[in-house]
Amino acid sequence: MDIWMALIQMLNGIQYGLLLFLVASGLTLIFGIMGIINLAHGAFYMLGAYLAWWLAGITGSLGAAVLLSLPLAAGIGYAIEVLLVRALYKRDHLDQVLLTYGLILIFNEAQRVFWGNDVHGVAAPAMLDWSIKLTDTLSYPVYRLALSGVCGVLAVAMYLVISKTRFGMWVRAGASNRDMVAALGIDVKLLFGLVFAVGAALAGLAGAISTPISSVAPGMGDNVLILCFVVVVIGGVGSVKGAFLGAMLIGLADTFGKVFVPDFASFTVYGVMAAVLLWKPKGLFS
Amino acid sequence: MLNATGIHTYYGNAQVLHGIDFHVAEGETVALMGRNGMGKSTLLKSMLGIVAPRRGKVRVNGVDVTGHETSSIIRRGLSYVPEGRGMFHNLSVREHLLMAARPGIDGRRDWTFDRVLETFPRLAERLDNLGTHLSGGEQQMLSIGRALMTNPRLLILDEATEGLAPLIRRDIWHTIRAIKATGIASIIVDKNVNVLLDFADRGVILVKGEVVCDGPAKAIKQDKSTLSTHIGI
Chain P
1 MDIWMALIQM
11 LNGIQYGLLL
21 FLVASGLTLI
31 FGIMGIINLA
41 HGAFYMLGAY
51 LAWWLAGITG
61 SLGAAVLLSL
71 PLAAGIGYAI
81 EVLLVRALYK
91 RDHLDQVLLT
101 YGLILIFNEA
111 QRVFWGNDVH
121 GVAAPAMLDW
131 SIKLTDTLSY
141 PVYRLALSGV
151 CGVLAVAMYL
161 VISKTRFGMW
171 VRAGASNRDM
181 VAALGIDVKL
191 LFGLVFAVGA
201 ALAGLAGAIS
211 TPISSVAPGM
221 GDNVLILCFV
231 VVVIGGVGSV
241 KGAFLGAMLI
251 GLADTFGKVF
261 VPDFASFTVY
271 GVMAAVLLWK
281 PKGLFS
Chain F
1 MLNATGIHTY
11 YGNAQVLHGI
21 DFHVAEGETV
31 ALMGRNGMGK
41 STLLKSMLGI
51 VAPRRGKVRV
61 NGVDVTGHET
71 SSIIRRGLSY
81 VPEGRGMFHN
91 LSVREHLLMA
101 ARPGIDGRRD
111 WTFDRVLETF
121 PRLAERLDNL
131 GTHLSGGEQQ
141 MLSIGRALMT
151 NPRLLILDEA
161 TEGLAPLIRR
171 DIWHTIRAIK
181 ATGIASIIVD
191 KNVNVLLDFA
201 DRGVILVKGE
211 VVCDGPAKAI
221 KQDKSTLSTH
231 IGI
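Protein chains in written order, with the working numbering: chain P, 1 to 286; chain F, 1 to 233.
Chain F extracted, bound-state conformation (with noise of 0.2 Å):
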């Protein structure tokens, strides 16, 4: 699904990210871990051309897409809900759900305004505030239903829980899990690792700009002295 290789980047001389290999495949779920400051957020930049890598390919679906604009990576069935949410002050709820909506790239319509209405029904009643007025745990549903409304092959959560209230953060894992299970292959970057690791297929750390870590989530789980090393927990 979305394969990247040797990826370099850099922030003006500060090199970021040292050649990374990382890979998704079709319905795959991975958990993407590791301290902050530690790269995970440029990866993902990286990967969907908002940041631009100095070297290193990325290919969706084995389509060469490195160098290409953000919005055309995106079209290729990706999706991506940024860390901070990403609302727009003056679009109503409805709004940032209808000006996302588009076919998958298969042309399927699974995701629609109604079925992400159903998903989130705390949206429903509020169809007509803007996206700004919302509850933080309300401003994250509206971005992760703006990201259904694409039918993407592949969703990307940057940070989908934080700052949320217990009682929120378990109703969007809830969701997340769902959603895995309709065959959505997605990237998390999430700090609450444990729940992550719970349903995540795979894990990849990341530490200084370099994976250090790839393997099955639950032998990562499992692998108290790693997570303890790279993560610290």
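Isolated chain P, as found in the complex (with noise of 0.2 Å):
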């Protein structure tokens, strides 16, 4: 492999592991604060795709549906945590995967009856069509790069957020210690539905501008929610920057194997976590 093919893998590998960390962000912090198992994560990438691709159909631009489908996204993440998750914080993990289980079900069904069972693909935006050239034969697509781009500003954000605002503080406070969160007078019902509706919506937002490099297609989340749940597992629960480095192993692992052990490749990301817990039964993070 040539240089120019080892960078554009390793862009690949990146995009992949940023992308990735947009969906495992959420599943992390849902998972270690507010102890919830959400097998439904991945439904909300789906959802984000769908969205996208139905509300470009009807305004004729990406960009718009993008900003249309995120506080969509974060809306029936919110009505959800209200309706259906709260009632479930106190109850065991079997209570709460059978009933995020179940919402996975109901999304499916509900992708197949409004939008049907075809596979659709999306145009990027025309002013992000075209490609970088880097040889004769090879050249970078600049969506890529902007995906790119816009999923590490959003790391970025999150990071922000996270380690300097009181909000970061509560989150972080809550993922160690989520009755002395309560105890201090924090309203933690709000903070937990505002966490969710959070991570939905940065879930969507990973499924919707992922549409022009992968076809919006049924069962699109499931494939993501168990690598997101590898990348959890590898950075540590409730661990955002465990997230993020989990992601971007993940994606590298994931990219590179499929170049240089293609009869293995489904099988490198579980190489990959089995070496980590091996090493760090916790997780990166914990």
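Don't read these hints as lab results, they were simulated from the structure. Owing to the predicted nature of the structure, the values given are computational and were not obtained by experimental measurement. One or more hints might be untrue.
Stated by the list, open to error - Think about it this way: if two alpha-carbon atoms lie no more than 30 Å apart in a straight line, the pair counts; the simulated DSS-like pairs of lysine-lysine are:
1. P:Lys189 / F:Lys57
2. F:Lys218 / P:Lys90
3. P:Lys90 / F:Lys57
4. F:Lys180 / F:Lys224
5. P:Lys282 / P:Lys241
6. F:Lys221 / F:Lys180
Starting from the two chains in their separate frames, assemble the complex, guided by the hints.
Following this line, the structure appears as structure tokens:
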């Protein structure tokens, strides 16, 4: 593999990792702070993708569609937290798994009813729909770079919110000792609802902005969900920093695995997970 | 300030509190005493909605808060320093204090970041350490400092000097007295009954989930037979 090919794979791996991070960061916060195993998190990724495709068809602009799908995903996430998830905080994980698995089925069925089972593609916005020429035969699509840029900016923003603001302190404190957060007079219910809504919005955003590089198809949330659980476990439950490192590791391992050991491609991410857990059984940041 | 009547609390089928009446007046310091397992912590948690009492009423400043969320009860001017100190393993000392900051119910901000550090100078040297990396005494100072950042009218201290070295314990007592002098009411649970009764206004003794004694701290301190029967000193 020459250096240009390696660069392309590296960029792909980083871009995939950043996209996974958007989904996994919400999952790790919901799991770590609220103690909720949210199997339906991948469904928000799918929801975001379908909303983007559907709204792009209506508005004629992917950018507008992405901006519109954000509050929709956040609102649906908040409603699900208030109406369903809230009742399960004190229940054991099996009840949560049953509820959120049920939500996956409902989301998938709703997708079939509203939008059908066809596979769709969305064109990148014209402004970003070109490639940077690397060699005579190789080039790199600008949309992927833009995607990485957007994800990178969001990752930095999330880092700043979580590490520098009082809201971020509450969220971290909630991951450490949520009863104590409530005992300080902080409205944990509202905090949880907001975290759930933001998590849903980020997963939805990831789905929406990924539409030009991967197809919009039934079941697309399920693969992402499994990878995101791998990311969360590698990073340490509840740690956004861990989710970032885990997502980059998995993004790169998956991308390079497919290049170097295509026969074992589906194994590489789990190999990485096993290696990390042998070294740090509770994840990188626990 | 705080008024609980007829509190019955159960853990599963085991009844822990049998109809307790308990109150704290504005500015009053109440020593809540009793042997281990008599229901002191459970009474505090029942009044704060951390544990749901099966029967009974809790009022804060005349408002019925029975069955309310812990956070909304606390926001009525209460502050709670739990047994075990309630540190956040992933927050620095500075963040422990900043995250809790809010004006009191009367809008006053008597307790600021700077004032808490003046009160506990040792915390000022350790602002960037994680809460769980502090010594036991420093953790206790942080837990009390964090509670003060909410500018409470009533401070609830559960075993604030437990497991501390004598010198550190003296520091904490000194601070608690200073806080009392500012007019903040308090409920204090502590094993050092003699020190506590020296400056508390009133004492309440629980035995098996019932109030067996409720009276002026000075009188209880002199009543050696009550103390030895119910607390064992």
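How the hints compare with the structure:
1. At most 30 Å may separate the alpha-carbon atoms for a hinted pair to count; lysine 189 (chain P) and lysine 57 (chain F) meet this at roughly 23 Å.
2. Between lysine 218 (chain F) and lysine 90 (chain P), the direct Cα distance comes to roughly 44 Å. Violation of the 30 Å bound is thereby established for this hinted pair.
3. Distance restraint check for lysine 90 (chain P) and lysine 57 (chain F): the Cα-Cα separation of roughly 24 Å lies within the 30 Å cut-off, and the hinted pair is therefore satisfied.
4. Among the hinted pairs, lysine 180 (chain F) with lysine 224 (chain F) is consistent with the structure: their alpha-carbon atoms are about 26 Å apart, no more than 30 Å.
5. Pair hint lysine 282 (chain P) plus lysine 241 (chain P) holds up; C-alpha atoms about 14 Å apart against a cutoff of 30 Å.
6. For the proposed pair lysine 221 (chain F) and lysine 180 (chain F), the alpha carbon gap of about 19 Å is at most 30 Å, so the pair holds.
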